Amino acid sequence: MSVKTEINCPDCQSPIVIESNLLLAGQSFKCSNPQCHTSISLSFSETQKVAQAFNKFEEIRQDAVEQAQHVS
Amino acid sequence: MSGLASMAQQFSGLPMKSLLGAPLKAATDANGMMARTQTQFMLSTCFDRKGDDLEPIMVSFNITRSIVKPDGTAATPPTATVKFTLPLLTLIPLNSLAVDDVKVHFEMEVKSSTSKDNESSQEQETAAKADITAKYNAGLFSVEVHGSVSHNSKSSSSQKEHYEASNQAKYEVDVHAGQLPLPTGVTTIINAFTKNIDPIMLKDEAKAN
Chain A
0 MSVKTEINCP DCQSPIVIES NLLLAGQSFK CSNPQCHTSI SLSFSETQKV
50 AQAFNKFEEI RQDAVEQAQH VS
Chain B
0 MSGLASMAQQ FSGLPMKSLL GAPLKAATDA NGMMARTQTQ FMLSTCFDRK
50 GDDLEPIMVS FNITRSIVKP DGTAATPPTA TVKFTLPLLT LIPLNSLAVD
100 DVKVHFEMEV KSSTSKDNES SQEQETAAKA DITAKYNAGL FSVEVHGSVS
150 HNSKSSSSQK EHYEASNQAK YEVDVHAGQL PLPTGVTTII NAFTKNIDPI
200 MLKDEAKAN
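If you're matching them up, the sequences are chains A and B in order. Per numbering that gives the first Met the number 0, the first sequence starts with residue 0, numbered consecutively. Per numbering that gives the first Met the number 0, the second sequence starts with residue 0, numbered consecutively.
If you're looking for bench data, these hints aren't it; they were derived computationally from the structure. These numbers come from a predicted model, not from an experiment. Check each hint, because a few of them may be wrong.
[Said to hold, decoys possible] If the Cβ cut is set under 10 angstroms, some of the chain B residues that face chain A in the computed set are:
1) 17
2) 37
3) 44
4) 85
[To be verified] Below, simulated DMTMM-like cross-link-like pairs (lysine to aspartate or glutamate); rule was C-alpha separation at most 25 angstroms, straight line:
5) A/48 x B/47
6) A/55 x B/54
7) B/82 x A/5
8) B/128 x B/143
9) B/16 x B/99
10) A/3 x B/100
From the three backbone atoms N, C-alpha and C, an ideal C-beta is built for every residue, glycine too.
With the hints as constraints, model all of the structure from the sequences given.
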């Protein structure tokens, strides 16, 4: 499952919406400010490190869903 | 009235405390467990332990910016790409998983109905008939009397009783795990790390002097 997150544009501080799957696939993300033509992408060398973090986060997210089901 | 009283008694006997409290307590326990798990995840995945200190794990990004001439036209090359680092912590939507909605639906229907149909049915039929003829002779006169008597009677009765009672109870608990806003402390840490990507502006020494 893809995780959506936001970081601020280093240039104009407008939000840049990042989707984990696309980020790991090497896609670049444009700043939401139409006047700012900045785009960011993950360095290829960091892909594995970030993928592991997202995978672990997905695991604890699944645990959270199971906990919620257990409550009901 | 006695029927209503017994119905109220059926409601007062319900363990409302456990019916409502148990799911809420379970949700709170689940939230506490999730928070602990996420904190452990944050510390183990997003930080490197260096002795007693924790250092954030940084991730390199490429940033591409447009280069524009003073007249507004694109420069050659039109873009410049530089590297910058960002804490891994800022990429993960941390501590936002929790049970955010617990709904307890409780429906109870106590239906009690009594109907008593009294139908008396007793059938009895009697019939009697008598013919009377009497003649009396007195000299030249003669009297003759004819009579008839009849009697007919019919009555019926029957008894029927009907009683109906039903109890119905429905108990539903809906729990939804969703995203909550980050706590202020975590937001402050993330903001502090995010500012790392801004360049440090040095003062112009010539102007300062």
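I'd like to know which numbered hints this structure contradicts. Please list them from smallest to largest.
1
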